[in-house]
Structures are given as C-alpha cells and as structure tokens.
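Listed here are the chains, written in short residue letters.
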Amino acid sequence: MHQPAPQWLIWTGVVVVAAPSALCLALGVATAIGRGPSERMIVRWVQAAVIAGLSAALVVLASMLLLGTRHVAIPMGDWVAIPRHYQFAVTFVFDRLSVPMAILSLVLSATIGAFASRYLHREPGFRRFFALYAIFLLGMVVASLAGTIETLFAGWELVGLSSALLVAYFLDRPAPARNGLWVWTVYRFSDAALLLAAVALHHIRGTGDFVRLLGEGPWPAGEADLGAWPAFGIGLLMLLAAAGKSALIPFSGWLPRAMEGPTPSSAVFYGALSVHLGAFLLLRIGPILEVSPPLAAVVVGLGLASAVLAYLAGSVQTDIKSALAYASLTQVSIIVVEIGLGFRYLALVHLLGHACLRMLQFLRAPTLLHDYHTLENALGGRLPRGRSPWTTRAAGRIYRLAIEQGHLDGGLVEYVVRPFTRALEWCDRTERRWTDFLDGNGSRESERVPPSPVSIDEHS
Amino acid sequence: MSATSTTPAPDALEGENRMDDELAESIEHAAHLLPQQGPITVFIHHNTLHALEDLTFDQALRRGAEVFGCRTYLDEDRYRDELIRGRIRFDELREVLAEDLGASADDPVPGFGTRLDLRLAMLQDPLRIGPTEELVWYVAEYDALRRTRPEVSSATRARLIAETRRWAMRDLRPNGHGDPIARLIGPNGPPAARIEDWSDAEWEQFALGALWRICGEGVRNLPPPPAPTPMPVRHRDVLFQATGHDADAMVHPPLIRLVAAFLDQGLAAWTLPGRDQGFFSAFLALYARPGRLPDPWRRDLAIELRRLIRDRVEPLESVQRSLDDLGVGRDERDAFLSATLLALRGWAGMIQQVEERSDRVVHPIAPGSLVEFLAARLLMDRFALAQLAREILGYEGPLSGLREAIRQRASGPRGPSVEQRAFLVFQLAQVSGASPDVLDRLNPAGWAQLVDEIERFGSLDRRRVFQLAYERRFQTRALDAIAIHAKDPAPTPEHPRFQLICCLDDREESFRRHVEELAPDAETFGTAGFFSVAMYYRGADDAHAVPLCPAVIRPRHWVVERPIDEDAGESRRRHWGRRLLGMASHQIHTGSRSLAGGALLAPMGVLASIPLVARTLFPRLTARLRQSLGRIVLDPPRTRLQLERTTPEPGPEDGGIGFTVDEMAEIAEKVLRELGLTDRFARLVLIVGHGSSSLNNPHESAYDCGACGGSRGGPNARALAQILNDLRVRGLLSDRGLAIPITTRFVGGMHNTSSEELILFDVDRLPADHREDMVGIRAILDRARERNAHERCRRFLSAPLTLSFAGALQHVEARAEDLGQARPECGHATNAIILVGRRARTRGLFLDRRAFLTSYDPSHDDPLGTILERILMAVFPVCAGINLEYYFSSVDNTGWGAGTKLPHNITAMLGVMDGYQSDLRTGLPWQMVELHEPVRALFVIETRPVVLLRILGRNPGLRRLCDNRWVVLASLDPETLELSTYRQESFEPYRPRSGVLPGAPSSADWYRGWRDHLEFATIRDGQARPRPNTDSIVSR
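From first to last, the protein sequence lines stand for chains L and A.
Our numbering puts the first residue of the first sequence at 1, with every later residue one more than the last.
Our numbering puts the first residue of the second sequence at 1, with every later residue one more than the last.
Honestly, the hints are just simulated from the structure, not real lab data.
Don't take every hint at face value.
To be clear about the criterion: a stretch of chain L counts as covered by chain A if any three or more of its residues have a C-beta under 8 Å from a C-beta of chain A, and this derived list gives those stretches [to be verified]:
#1 57-67
#2 291-301
#3 394-401
#4 432-445
Computed footprint of chain A on chain L, listed as stretches where at least three residues anywhere in the stretch have a Cβ under 8 Å from a Cβ of chain A [said to hold, decoys possible]:
#5 82-88
#6 328-336
#7 348-356
#8 359-367
#9 405-419
To give an idea of the chain A side of the interface with chain L (calculated C-beta under 7 Å), a few residues [as the list claims (entries may be wrong)]:
#10 P273
#11 Q277
#12 S281
#13 P294
#14 F457
#15 R593
#16 G605
#17 L819
#18 Q821
#19 A822
#20 T1018
Where is the CB? At the ideal position from N, CA and C, for every residue including glycine.
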C-alpha cells in the first residue's frame, strides 16, 4: 500500500483541478446572468486560472520528486456506493503518467490562451471561444489526472463536447457545422465504446478504480487482475474509444475536418492535445495490454496501418493545416504502435515532444509563405520539389488512395451511415402508414408546409 | 444511365470547328467575371467588379448583386445607425433623393403626399417584413394592432387618433345600409356600443385595426409585381431551391482537392501524377481508375471517363457533350457557363490567373486549363445530379429534362402575399401619418399605384440612396476642408533644410505631416513608390529576382545588390552559415511530416516549447534577442547596388545588369519633373520607399507597396538616390535644363509601415559635412516615427489611449513580431481621397491618413498638362483599384472579401481557404477592412478643368471611370484655388458649405483621445483648439 500523501500536497493537487473548474464556472455564470465580461476581464481570469493550475501542478511534481513519492491519490469520495454491487468514485491520481500529461495540457493551454487573446481580438465569438476553452482545459486536466474510469470518462466527454463545438465555431457558414457534426458523431461513437468498457469493468470487477483494476504498482508497473479474454474484449472496446479520439483507422477523416475552427483551437486541440488523448488512454490501461498479447497485436496493427495511411494522405495534402493534421496522425499512430509494443516511457516522451513541436508548427501555419520565402533565400534557390517515390505504374494508384484519404469517409457514409438512416427511414415510413391508417386521412400536416424561403432582398 | 452521352452523328461534324470556336468564345466570355486576383504572395489591389466597368457604378452594382449573389451596399440598419449618429445627415439624404428623382420627385402618391415624401419615409424608418405565416402570427398575437410602431412620433400618433376619431364619429355611424364601423372594429376591438367613451388607447387600437383591415382589403386584388429574380439556369440551383439537396456539396470536395493538387506550387510533398499533361488528362487518369468506390455516382463517372479515354474526347468537345446532355441550349449557354464557373469562382479564377501570368508562378500550367477544368467539373456535375435526382426525386429520365421536371413539381417563386403587401402599407401609413379614412377612400387604381410606388423603391434602391447620402457627407467635408485650407496653408520653406520624397500612399500622409510639424524647415513630396525605377531586383540575401514596379509593367532591367569587396569574404561565410541553417530548418520542416523523421524529431520536440512560449508571450523581446544573436554570428555585410550596365542589351547576368547612363538620366528627369522638384534643391534629399512586415499573415503582401507590385519599395528608392548622385547623370540633366547643385546629395531609404522602422541606405558614402547634417535629420525622422506610431495606435483598441510616443513605437514594433496578431497594421483601411497637386496647398491640413498625396506642380507643366496626364495614367487605376477593392470587401466581406482571417488555411502556396476546405477566398479579410468607410475615391487634381477635360478626352480608360462614377473627380484651380466637380462631361463650380475649419496646434492635440475617423483640421502653432466636432461621438 502507498504511503498516504501529506495533507498540503493533497490540497495542492486539488488546486490543479479546482483552478480550471473555477474558470469554467466563472465564465459560464457570467454569461448566463446576462452581459458577459469584457475581453480584458476574460483574459485576466484565464491567466489567473491557468497560472494557478500550472504552479500547483509544478509544486506537486517538485514535491513528488523530493519526497520520492510515485503515486499520490486524491479521493473525492464515493458519489454512489451500493455495497458489493456498484461504486462510483471520483479520484485524482498524480503519477508518472498523469503529472507530465497535466503539465503539458496546462502549458500548451496557457500559451494558446495568450495567443488567442490577441488573435481573436474583436471577434464576435470571443467569449464563446474562451468558455469552450475553459471546458476543454478542465476536460484535459480531469482526464489526465483521472484515477477511476468514471472520472476519465467525465473528462473525456468534456473534451469531446468542447472540441466539436469549436470545430463548428463559425456559425455563418455551413461547412463548419457539417464538419463539427461529423467530429461529434465520431466522438459519440468512441464515447459509447468507452462507456461500454466501463460498464463491463464494473460488471467484472465491481469498481472503476484504476488502482484496483490495474494493480497496485505505480505507473507504468502494475498488473491487471483480469482474465485474458475479458481483457481482450474490454481492451478492444478501449481501443475503439482510443481510435475515435485519436483519429485512427477507420475514423481518420475527422482530423482534417476539425481544421474548420480558428487557428489557435486547431493548433492546441487537434494538433497537440485531444488527438493524443486516445494514446493516453492506451497508456493508462497498459497493464491490460500486457495480459492479452492478441490485444497488443491488434493495437500494433491498427497503429501501423493508420501511420501508413496518414503518411500517404499527408504527402499529397495541398493545404498546410491538413498536411499538419495528417503529420500529427502519423506520429500519434506511431505512438500507438510503441504502446502496443510495450515501450511506454518511449511513448510518453514521444507524445510530449510531438505535442509541443506540432503546436508550434500549427501556430506558425499562417506564416508559411513568409517562412518559405526566408528558407528559399537562405538556401539560395527554390525549395526541392517532392516527387512520389513510387514507380509510375504504382504512383497513380497510390496517389489516388492518398488523395481520397483511403476512401474512409466515403466508406463510412456508404456502408455505415446509409444503412443506418435507411433503417430509420423505414421505421418512419412504417409509422406514417400506421398514423395515416389510424387517422383516417393524412397525418402530420406540418410536414406539408414548405420551409420559409430565406429571401435576400438584394435584387428588388 | 441518363448522364451518358452519345457520339455525334457524322453529319453533325460539319461546321463543328465553327461551333467549337463559338463555344470557346462563350467560355472566355463567362471567364471575364472570375476574380482577377493572382497568387497571394504578390497581392495586387484591383476593382472587384472590374469586368463591369463599362456600366455605371449603380448599374454595375445591381448587375453584380444578381450575377454574384453578393451584397453591394451596407445593410439598411447600418445606414440608419449612421443617420442616427449624424454620419448621414437628413438634409443631405433629402437632397440626394431629390436629385435622384429629378422632376418626378413631386409626383403625387395617393395618400402619401409626393413621391419624395413616401421615399423619405421609407428610408427613415425600418420596414419590417417576414414570411406570411409569421406576419399573421405577429399581427394576431403581438401588439401591432394595439400600439403604433415605436418609431412613430407622439405628434403623428395624436393626429392619427384625432383624425380617425373625427372620421368614425362623422362618417361611420350606423345608417340604413348597415353598420360600417363593425366591419372595421374586428373581433378584439373595443365595444362599439360605448364608442363615445373610448379612451385614447382604445381609439389607437381602433385606428390601427381599421388601418390594417383597410390595407388588407386595398391590396387584396392587385396584380402581382413582376418576378424579381429570374429562375436559375444551373440544374444544381434549381434542385437546391426545390429540395435543399446540394449537388455541389458532393462535387466540390473531390474537385477542390484535385484543383489544389493541380495548381500546387510546392506545398504538397508529392506532385499530381500527369500534371504536365494538363488538368483534363490528369483528371481522367485519376478518376477513371477502376476499383471499388464507395459513392455510386463516382462509379458511374469512372465508367463514363473510361469511355472518354477510349474515344479520345477533347476537353472542349466534352464540354459540348455535357451541355447537350444537360439540355443547355444556345440561348442560355452564356448564363449557364458563367454560373457554373462562378460556383467555385476563387479556384476557377486562380486557374485563369496562373494560366495567363505564367511568369508570376514557379510551376506554370498549360494554356487552356480553364476549359479543361470546366470539362471535368461538368462531368462531375452530371453524375452527382443524376444520383441526387434518382435518390431524392426518384427521377430516372434524361438530365436535359431535370429542370423542367422539378419546376413542374415545385410551385414557382411566389410573389408577395396579401398580408405582406398590406403590412408594408400599414407600417408606412403609421410613420407618415396617413389616416385610415384617406386610405379607405382610395379606389383600386389608387391602391395599385400606391403599392407599385412602394415596391418600386426596393431595398437595393433604398441602400443606393443611403450610400449617396453617406458619400455626400464625406465629400462635402473633404472638399470644404481643401477649399478652405488651400487658401491659407501652412508656410512652405523657401530654402528647405532637407527634402523627403515618399510614396503617395495614404499611410505616408501622417508620416509626412509629422515630419513637417517637427521640422517646419523641411519639405515633403509624394510619388508612386517605385520611383519610376522599374526593375527585377535581387537583394544580396535573396534567392530570386522579383519585379519591383506596378503590375501592368513588365520590367526590362535587372538590378542586383552585392556586398562590397572588403566584405566579400565575410559575406561568403555568412552565406554558408545561412545556407546550413536553412537546410537544417528545411529538413526539420519536411522531416517532421514524414514517418521516421517525425519519430526521430519528436522526442526533441519538447525543446520547441521554448520558442513557442517565448514568441507568444514576449514577441518583441524574442525578436530583438534573435536579431542580436544573429548579428553576433553573422554580421550583415555592407552592400552596393549594381546599377550600371556595360552591355548594350539588358539582361539578368553580369554586364547586362543595370541601366545605361542615358536611361538613368531619363528616369531621373521623369521623376523630378513629375514631382515638380526642379529647383530649390536642399542639401539632403531623402527618398523613402515603403513596405510592411508582419507574422502569421498570409495577406502580408497586401500591406506592401502597390506601386511595387505588392513588394517593398526600399530598393527602388535606393536605386533612384544612387542614380541622382551620379555626376554623369547630373551632367545630362543639366543639359536638359535641370541643374542639381553640387552640394545636393540624395539618400535612399525604406519605411516599414507596420513596425515604423526606417532604414537609410549608403549613408556611409555621404561626404563628411553631409553626414553631420544627417545626424540632426535622423533625429527628426526618429521622432516622426514615434509620432506616426502614436497616431496609428489610436486606431488599435488594444493600444491604450494613454500611450506615450515612445510607448507607441514599442507597441507597433511588438505588433509586427507577434505571431498572434491578426492586425499588424490597418493597411489602406482609411483610404478615401486622392490629391494630385502641390504639397504647399495642403501642408498643415490634418487629413487623418485618408489621402493619397501625389506631388505635381502645374506651374512646371505645359498648358496641355503632359506631365499631369502621365501621372494620372499611373495614379488613377492604382488608387481607384485600392479604393474599390476596399469598398467591395467591406460592404460584403463574406461575399467579395476573404472573411475573417481566423480560419484561413494557406493552400497550394497561392491563396487561402476557410478551414478544412472551401473555395479559394479572394478579396480582403475582415481584419483589414473593419475600419473602412466604404466611400468612392475622391480625386482632387490641382489644375484647370479644361486641362482635365482634355486628358479625359484622350484616355477612354480614365474617362470611363469618371463618367460611370466609379470615382468622383474634382479640380482645384492653381490660380483661383476654386474647386469644381466633374459631372457628365463638364465641371461645375463647387460652393463650400462651411466657412471655417477647426484647428489645433499639433496633430497629436487634434487626434488625442479619439478612436474613430476624425474631421479634417488645420494644424498650426498657436491655433486654439475647439472641441473636435466629429461625427463619431458614438465610438464603435
């Protein structure tokens, strides 16, 4: 059993979570009661919250290093407890995985907050952006520090919600709404998988606590107390959840679509943080992977396939944000492979480094022309132009696979969405037949009224 | 399947060539409407509606709205706000309306006085309108029938009640024929039984109810108005209107990917296979490929494409087949083709631009690419439409019948309903106090006339009139200020201590003004910022030569900057250092996107957080640190321009570089004569070009010097200075009667309009005593930079109004280096006036950075205005282009402009898209135009009207702009200083409306504390400072 951490350390840990919660609450309440705070006020609140959270996290890190503690748990009590049946506990855990992840989230969010406070200056949706930013930050911190699967799920949901709404940030064009919906749908799918995994775990073990599920040893040690096949099943569900969140095959199409939002949100959320959340989940449940070699093999396979596809698609992208999005995906997939192979420290370092590098690149994306010009001047000539490294025969085929992004989106629409909507339409038709029959003459009159035409009074 | 086409029968082949030519011509004609914006790295401002310049401004805007589906004026609400805050004045609104109506202003309108009255009432208060269902609900459930509209004054309301009451009591009492009042009271009205006891509120309710019912009955049986919009010709539009399903949403994603890959100038790692064979063949090769595709329409398309490959169908022939298949006849072909091209106008326009100006891109494309694009697009359209029609409508017939089939199913566009028409009259009657009894007495012909009058003054016309009044206010203020100030300007020194020649750019107006304020013994000039040195220029650190001259000129000369001999070794070392660093960062850039490279780099990526955090939080400090570090490692060498040619023909190599002495003398004479600087030379003459640096800004080039083709004009200034310092050139000049004193030296420079940096070149070559003078001048320029930064900062909300001069300079320096800054500067956002004439006339006039200032001295010109003509030929298109681009991008930023910068995504190195995928966004982003007041450019030329008339007569291009009112032209008589305005081929004298101009002791005293546009003012020492009477009391 771990030594109980000193009380002040626990309180410092609470601050890490409390700071973003307070920011969320403040922005939410201020908006709800009418005229929201001014730009300057919002920026101040964000600064205060992020600095408080970050310094608390750094203090925790420092004291853990000094005290030699490798695991600090902060139980927030059981929120639901039915003896021997069900227990809903909220616990935050500081260990070698969660502390770097939380610090990464806070550092990158702090930077992006400073960046966005100028970049979004005078933007009508300034307050909305920062409200979603606060939710996102809270979600990231909660998910990073989660000590139970329910806590993780809560953070996971917050991240998903704010991400989808940020993709659909621009309300005056249809494309962001369409792509935001796409992201949201994929997220719901992966959320469902995570929820099922949680239910299954509860069913088998009666608890969602990682310590009890994955063994006592501090991360990355630990041994999952699960049979090989339950581990495989639960692991598959978790993998599905991770695949949705990290845009692995077959969900890869959402990642470039997420570039609809303002540049800072694309940078921090899809380039740096939330795209890594799937990999983080796999890191967290590492012991389960160890129990089931077939599961690890599936993880490696999926990672490899995603990496290759992302590399191909990324090589033909002609816009900088999509190119970076696929470059991100390539690395995330490699991280997943590393996790599957059991190199967890390597994966963690890879994850941290990649997030920082990619975010810098994303933030600089609008400077691309400037940078290319500087580069060309330094090199004294045009930048070398890439040709596809394949023979001409194969080039066409590979190029099309790449430019169509592996036909993943088309495939999902045609083979998943379409049968689904067809089934629902069949239900609708059946229902209508019944209501018509019961009503005697046609029902649902409202459907016959055409929608009001939106008239632009330009020509009159 | 319906979308397949058949091979033409042999007898149809006759005359096919002629038909092909006609079709090609038709496509070319349609392509004229495409945006003319080239690659974003060389942004050149141009009139967004350049294609319609043959029409008058008003006609062109009407047509532009129709063809492009964009707004061409501000919103009515915005204009009404301007009316409320006084930016539009009511008397001027009335005046422009009366002028617009001419003799018909006094025509009576039944029930509403004259036509002028009715239209004024329609302008003054908003007319609300909505779908019929909403109106019915509104009238029934809301207080529309209980209380008059909030805009109605209490006097009008009282009169309405009184008149209604008189009418009801007198004429509506029950008589033998029934109870007329019951008809008007309605179900919820006050009880008729106690009509004598009705309160005011009940009378109001009765009056409104009666009005509403009378209006309803009046308009009930009127003929519908002529259909406002013609039916769309594109099948996609017809289908979209009828069902809400969008075929373009299926076609555009793959098409945009393909076009971007085809045009790509080096962003993607791999090039499109078969790019060199042209768009159509690359398209065929890519999409004809067999293989299981998810989307059904793509499978059908692939089958058809394989057939096209087999039959070797040419692109133009394919277009014709598609038109036949879609059932597009000759008569609608032009409209159909232009609508089809405009559906993805940004990309189509870019294909056209890259095709035509192959010299502007690294990877050119073949001519004819636009036709090939059209062929591919039509093929995709057909199959997407076929699938949609099948799925949504169950339509399996040929596509040529699709539009007809949809039109039969859906009811056509409905005209306004009875309620909608009645509601308009109802609202208008309230604000103009037309009482129910007057309307009740109208016969059907009267009603028809009334409704017709209202409907003829639609929203577009209302906004047109508003715009006229909006511009009238501005023109009056500007012309008044010039007329008053020109008679009493600040004194120009007889023997200037130094002279400063800047670009005519509106952003240099304030800089020049501050220099003049700080040094009353200095004189300033303005001319096109390439200083007549048209050249391909390659700096010592540059990889390529870039053209530095207006976009219409193709330079014939090359100029190269070289390190001086002593620094050659240093320079080589520096070069290698830069090269190594460049290669390393290129490796990181590409490597981080590859599989293995990224994996290797990523662990070190944590280091990236250092520059990331530093640059975001401390942009200015980081930039300074980087600069000084760079200087320690690699000190920039001293350089010279290689300006003189030794070979007879100019060329990019060795002896071909540069100009001959004769050519130099020609350039020098042209510039000096245009400036009117032929005597009174000061000891030091500074020539300063300009440019703008910023980060995170794909539109960076749009902030640079327009006269240098969207590049920075420093080298031109430096070249001109070097030319003018050449004694041989001076010898030739003095032979031509233009003697430059031996004591005069010229110095080139470069002004950064974003960071306010001012570099002076080759100061080390000045003689010692000039160098001493230079110290004092440099100090003045440095103070002017601070003041200029300060004046600019008043427009930045994020810069406190309490900033000191030095603080303001630091602020703008940080802006230029800030990755997160979307507004490094305001660009031309305040442009509105173009002044051509002697600075002496406007010296000391606070023009609020709103005027392009071109120097021209009519006393040095011949009576025909030969020099003026040359100046105007250059100034007119450039300044009008800037002004009109800002106009359109600000009236409809989503339609004509590029929208907000925040989601911009650089694509193919040519332009930006919104987010993940969209049409290429042309025009200016919102952050550039949000401050802009969309008014047409006001040209004020110091010359006699007769000279201008002669110049207009000789230059149809200029005349078209003026006659069609794309710009407003006025002349300032050099002797009498009277202003005249140009109107339909003649000038009429302008009479100022005010006699005094406010004044202040310094610019800073005048603008301090104000964020918005300011009034013009006289800046003179000792001037009292009245409170600025701005029309911007309400700060936005």
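Okay, the hints, checked on the actual structure:
1. With 0 residues having a beta carbon nearer than 8 Å to a beta carbon of chain A, the stretch 57-67 of chain L misses the requirement of three or more and the stated coverage is violated.
2. Against chain A, the stretch 291-301 of chain L contributes 0 residues with a C-beta closer than 8 Å to a partner C-beta. That does not satisfy the three-residue criterion, and the hint is violated.
3. Only residues whose C-beta sits within less than 8 Å of a C-beta in chain A count toward coverage, and the stretch 394-401 of chain L has 5 of them, enough to reach three; the restraint holds.
4. Three residues within the 8 Å Cβ limit are the bar, and the stretch 432-445 of chain L against chain A gives 0, so the coverage statement is violated.
5. Check on the stretch 82-88 of chain L: 0 of its residues sit with their Cβ under 8 Å from a Cβ of chain A, so the three-residue criterion for coverage is violated.
6. Counting residues of the stretch 328-336 of chain L whose beta carbon lies closer than 8 Å to any beta carbon of chain A gives 3, which reaches the threshold of three, so the coverage claim holds.
7. Three residues within the 8 Å Cβ limit are the bar, and the stretch 348-356 of chain L against chain A gives 7, so the coverage statement holds.
8. A stretch counts as covered by a chain when three or more of its residues have a beta carbon under 8 Å from one of that chain; for the stretch 359-367 of chain L and chain A the count is 8, and the coverage holds.
9. Check on the stretch 405-419 of chain L: 6 of its residues sit with their Cβ under 8 Å from a Cβ of chain A, so the three-residue criterion for coverage holds.
10. Against a cut-off of 7 Å between C-beta atoms, the interface hint on P273 (chain A) holds, since the closest Cβ of chain L lies about 5 Å away.
11. Of the supplied interface hints, the one on Q277 (chain A) is violated, with its beta-carbon coming no nearer than about 12 Å to a beta-carbon of chain L, more than 7 Å.
12. Annotation: S281 (chain A) was flagged as interfacial toward chain L, and the flag is violated, the nearest CB pair being 12 Å apart, outside 7 Å.
13. Annotation: interface hint on P294 (chain A) holds; nearest CB of chain L at approximately 4 Å, less than 7 Å.
14. For F457 (chain A), the interface hint is violated, the least distance from its beta-carbon to any beta-carbon of chain L being 9 Å, above 7 Å.
15. The interface hint given for R593 (chain A) is met, as the beta carbon of that residue sits about 4 Å from the closest beta carbon of chain L, less than 7 Å.
16. At a threshold of 7 Å, the smallest CB-CB gap from G605 (chain A) to chain L is about 3 Å, leaving the interface hint in force.
17. Hint on L819 (chain A) holds. Least Cβ distance to chain L is approximately 6 Å, under the 7 Å limit.
18. The restraint placing Q821 (chain A) at the interface with chain L holds, with a minimum CB-CB distance near 6 Å, inside the 7 Å limit.
19. At a threshold of 7 Å, the smallest CB-CB gap from A822 (chain A) to chain L is about 6 Å, leaving the interface hint in force.
20. Because the smallest distance between the Cβ of T1018 (chain A) and any Cβ of chain L comes to about 33 Å, over 7 Å, the interface hint for this residue is violated.
The structure fails hints 1, 2, 4, 5, 11, 12, 14 and 20 (numbered hints given earlier, in ascending order).
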